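Whole structure, please, built from the sequences with the hints as guidance.
Sequences listed follow chains C and D, in order. The first sequence runs 43 to 369 under this note's numbering. The second sequence runs 8 to 352 under this note's numbering.
None of these hints come from the bench; they were simulated from the model. All values reported here derive from a predicted model rather than from experimental measurement.
With a straight-line cut-off of 25 Å between C-alpha atoms, the simulated PhoX-like cross-links for lysine-lysine are:
#, chain 1, residue 1, chain 2, residue 2
1, D, LYS347, C, LYS237
2, C, LYS265, C, LYS362
3, C, LYS89, D, LYS191
Computed list of chain C residues with no C-beta within reach of chain D, every gap over 12 Å:
#, residue
4, ASP54
5, ARG220
6, THR245
We put the CB at the ideal spot given by N, CA and C, even for glycine.
Here are the chains, one letter per residue:
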Amino acid sequence: MAVKTVIEAIRDGMDEEMARDESVFLIGEDVGNRGGVFLASDGLYKKYGELRVIDSPLAESCIVGVAIGAAVNGMRPIAEIQFADFIAPAMNQIIEEAARFSYRTAGDFNLPMVIRAPWGGGVHGALYHSQSIEAMFAHVPGLKVVAPGTPADAKGLLKAAIRDPDPVLYLEHKRTYRLVKGEVPEGDGVVPIGKADVKREGTDLSLIAYGLMLTYCLEVAEKLAADGISAEVLDLRTIRPIDRAAIIATARKTGKVLVVHEDTPFAGVAAEVMAIIMENAFDALDAPVMRLTGPDVPAMPFNHVLEEAFMPNPEKILAKARELAAV
Amino acid sequence: MALKTTEVEAKGGQSRHRSLGLSDEQALRIYEVMRLARAVDERMWLINRQGRAPFVISCQGQEGAQVGTAAALRPGSDWVAPYYRDAGVVLWFGMTARDQMLSFFARREDPNSGGRQMPGHFGSRRLHIVTGGSPVATQLLHAAGVALASKQRKEDAVTAAFFGEGAASQGDTHEAMNFAGIHKLAVVFVCENNGYAISVPQSHQMAIQNVADRAAGYGFPGVVVDGNDVLACYEVARQAVDRARRGEGPTLIEAKTYRFTAHSSDDDDKRYRQAEEVAIWRQKDPIQRYAIYLREAGILQDPVEAEITERVNQQVDDATDYAEQAPDPTPDDLTTFVFKQEHKP
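Below you can see the structure in the form of structure tokens.
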């Protein structure tokens, strides 16, 4: 097994799927000659040519709408939104169109397409290069939403998303691109959509996270172990369809749960996870379910003091976890 | 005001339809589909006003623009992305009066949506009719994407996107035409300009006379055509489709036309249109105009007309009876097909 970064794993995933299946192609801003602003598609333009790695105009609705049409006509498009923050112009195409092609035709149409969107903060990206968008899209039936946190999951979930018969929003956390390294299995290594993963076993409390927060929670679990607290870390990996069984299992196992995300809290993913636990594992709880999230402000400011104040980080998670452990 | 006689002869003395490469049979087939679209629509209004179905949205007045342009395409291999008035387009592409009535009554067997969508929201993978929703202009980008796939696979299929001039104000219209122009995609954009976005007249939608003028900004031709002259619509569409199939890129056709009914069964067009204006346009009815042409060209004799009328009426009666008695979906149908999970028989 080779050690890769998240961005390398994503590039490998696209490359291997494009080599395997001629109907797979990439469309987005700067994905061609430039290789993407994060170099996610570096080298693919030369390898596959301009009809399979398409530099689009600066128009997100166009990127997604064209991908929908291509998927109707037998292709498997990967539509790249350069930053998740700029997905709003495509929301009509994603929510009103892509998410309901199957439902509104009673299964006559389906759309095998992936929308890749770099998301998340902690990169000095300010209001418009830092956002978390998962809750907005996870609310929409007909969409699958994945948010891997490790290189192996990034590649394996990307492959699953490309091969999936339905639209998948694939969220790749910008901060993890080069920060998070890990072993990636040789071969396909497909990671099924809808399956969470226990990244660290524990017995005293559960940390539930995804994306960059997974890395932070694993750090925190290590520190808690030094205090004699055994923390389990559950990586959701897929936001929707959410792995209810895995959430219920860890809640029942430890009786104490802290859900962590950098997205704002109101009607967010943590709220849904907490509802699942309350509805299914209330009798097993030893403490109220807690959450640590970004604050309820419109978006992440540029100034570093404000950015740090916005972002959950290992220190904040550790403090909250100790609070939970002490209940 | 008398109905204007259509010019029968083209330059060179041939009848117009033959000079366009249409046989007498094809010319009559176009007429019959226009008649069928109108007849199904009229029946829907009747049933709606009797309180037997909640909603209808009309093609009436626009059948010439619809069937004339669709007739230049190859059903089966070419694609269409219609909008909610395009009954004439989808009937030409193989939908039936039964299909339309099943959708109108929102029955389980409705091939467009299983009774989930309002009438007029057409879609059939088998017939190459891209499913449409209610937000306008989204289908123009879908058409560009369908055409991109054809180009990627080096297939010569042509995709036609249909929309009203109301949808021309949407950003997706600009994005689709821009993208199709850049990649010289085999797309024909057909704007059925009926003068109103529900109640808002063209003068409040744009500062120009012709939507087609915008084509220059995307690097392809824009053509204005009399949308109530079905052969003129066929002629410009034929040129646009041939150009697209040759790999020379898109064309924007603007068919100037008019809707005879209110926007929908829930609209009252007397609030924004003068009865005199509607009456003037009814004198330009594309079906009546074409009938006069066909009679003058000597191919629509009374017995032929009677046969067509009988076939149309029979289809509408059959479709109405069949669909009205067809079963509704069951509550269990509410939760199916959120994702691809089952294959349609």
